[in-house]
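Engineer: Chains S and P: place on chain A using the hints.
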Amino acid sequence: MRGTLNDQSLIYLQIARMLEDDILRGVYQEEEQVPSTNELARGYNINPATAAKGINLLVSDGILYKRRGIGMFVAKGAGETVKQKRKAAFYDGFVKPLVKEGASLALTGEELLAMIERAIGEEKEK
Amino acid sequence: MVKSFRFLLNFAWINLGADIGFAAIVIVGCYATGVPESAEIGNLFETYYAMFPIMILFMLYIYAFALCTSNLNLGLSFGARRGDFFWALQGIMAFYILVSWALQAFLCAFPAVADWEVRDRWMLLRLFDDRPWLFPLCCAVFLVLGCVSGLIMIKYKGLGVFLIVISVLVLMGATVFLVLSAETRFAEVIQEDAQWSWLAALPKVIAGVLAAAAAGGELVIWRTIQRFVVR
Amino acid sequence: MSAGILKAEGLCKSYKDKEVLHNLDLEIEPGKIYGLIGRNGAGKTTLLGILTAQNTKNSGSVTYDGQPVWENQRALDDICFSRELQPTLFSGPNNLKVKHYLKSAAIYYPNWDMDYALRLLDEFQLSTKKKISQLSKGQMSMVTILIALASRAPVTILDEPAAGLDVVMRERFYQLLLEDFAQTGRTFIVSTHIIEEAASVFERVIILDEGRILENRETEELVSQFRYVSGREDVVDRVCSGLQVLSTHQMGRHKTVAVRGDMVKLESALEADVDVAPMNLQNVFVSLCGHGDAQ
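Residue numbers (this note's numbering), protein chains in the order written: chain A, 1 to 126; chain S, 1 to 231; chain P, 1 to 295.
Here chain A stands alone, though its shape is the one from the complex (with noise of 0.2 Å):
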């Protein structure tokens, strides 16, 4: 049904960041399948035309590639492709935002790298 899609982001970008995320849990491997514009169309109740442009703009970022006649598949080194496009948006849409939040409650600096420090030891521990 509408599962995972929310209001909060255009539907086709919610489409293609769903893929890449699958993308990065392996979800797809390199030169796998991705489901077709009308599966994700029918999957999500939303128009196929919407689909096709979160699809292809994954296309254009060389994440997917087309296969005539078949259907879309997960390019080369797609994963390293993601991974770069996360990491260039990770500054202005994680770290600017912390530190935003960070300055209105009037954390220091340091008090924000300490937490930061045990955030990355609590996960290491898992």
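Misleading hints may appear alongside valid ones.
[Stated by the list, open to error] BS3-like, lysine-lysine: derived pairs with alpha carbons at most 25 Å apart:
| # | chain 1 | residue 1 | chain 2 | residue 2 |
| --- | --- | --- | --- | --- |
| 1 | A | Lys76 | A | Lys66 |
| 2 | P | Lys16 | S | Lys155 |
| 3 | A | Lys96 | A | Lys76 |
| 4 | P | Lys103 | P | Lys131 |
| 5 | A | Lys124 | A | Lys83 |
| 6 | P | Lys129 | P | Lys103 |
| 7 | A | Lys124 | A | Lys87 |
| 8 | A | Lys83 | A | Lys66 |
| 9 | P | Lys255 | A | Lys96 |
| 10 | P | Lys131 | P | Lys99 |
| 11 | S | Lys157 | P | Lys32 |
| 12 | P | Lys97 | P | Lys130 |
| 13 | A | Lys124 | A | Lys85 |
| 14 | P | Lys130 | S | Lys157 |
| 15 | P | Lys32 | A | Lys66 |
| 16 | P | Lys7 | P | Lys18 |
| 17 | P | Lys18 | S | Lys155 |
| 18 | A | Lys76 | A | Lys100 |
| 19 | P | Lys7 | P | Lys32 |
| 20 | A | Lys100 | P | Lys255 |
| 21 | P | Lys97 | P | Lys131 |
Source of the hints: derived by calculation from the structure; they are not laboratory data.
Structural biologist: Quick look at chains S and P alone, frame taken from chain A:
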């Protein structure tokens, strides 16, 4: 046009089927109550048989109500061409007239064909022997007037009701007059007495007026169909 | 079964002295699902009626594949306008049986798919013997949907198909619509009140407000132009200067505005301490057509 005709035919079957069914019931009822044998019996079935042509005409009037209202609305909502619908309407009216005429002729001939003992009882049925064109004309007029009444009803309810009452009275009056003119010695009286000679022309005049009214009604129907807004 | 372009140019319509459609231009590209949204009385049904030659216009033109739609057999064959059913017709109950309604549709629509109609009848559990006046509101909506889908018309218009359906049936409707679209690629125009649910189904959205078309563009493109900006009023005002402010909501010194404009400008102003949130189609619609009503 074929599409609209088939569409209207679906409703026509049901309506005419009701007429035929009713006729069958009346005939059976007559047999059941011994009407064919005796001239004395004056029960319900006998009356209905006698009145049948008039009944057919009134039923046509009622059936025609829906033709230019709910049927038109439905047809147009499905994408009927307006011009096509008008001509399909003509075709359906012709169909109604043919079937009604056949039914009326059947009822007129039935007592003789079925070998009833008392057969020459109903003046009304003999009425149309002299003027076979009269019944189809009356059918056409009642159909057109029914259409127009329906049309006017939806726009101006008050005016519609008024018109219906007037047309019913006028039509009844005309019918009664036509009946009388054939039934009684009225015709002979007119011919003898020069004072009343102008009345001899009246049936023809009435027929002419009715035909003109029908033609005028058709114009109203055409115009209404062209400008109809689907709800 | 290739659809032509349905186009309205300079369309004007008045009822008595009141103008309900003002110089309206609209082009419906084939093979897309359009959402037609607007408030009650905006003129949606009137517009759709005129596009399908079921209503008359005062001036302007409506063409299908270059030819006027009026009395145009090809346009009338290709376009299905499935209206809301009415329990009363001309001040009397609508005594037409569902069976006859479907039979009539089958006569007029050249591409009518009877098997599809029967399957839908079965799924919706509709009894054909019932009269329209005996149907519930939900069942009437289901008949509207059935006619539209089974008509297989190249251009299919549905007027308020979801009204009267419960949420489960609505989801099923969107599913059926998308399945049909995936299979046939025909053009759909869906007029609806229920905006946000249906937003993901519409490739393009047409916003009709008081007889004028405010927007006719790709849904996601439209939505991406809008944001909510909220925070302290002076900061918000500064951040939003140069952007089109559509609505304002203020509580004390906390101000929330709906803005439309160049998002690049907005991004750079995000150094300031304001919250920026996206707006969905329903939010966009209300801010465009709310006319200052309470948010």
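Engineer: Would you pick out the hints that fail for this structure and give their numbers low to high?
Structural biologist: Hints 3, 11, 14, 18 not satisfied by this model.
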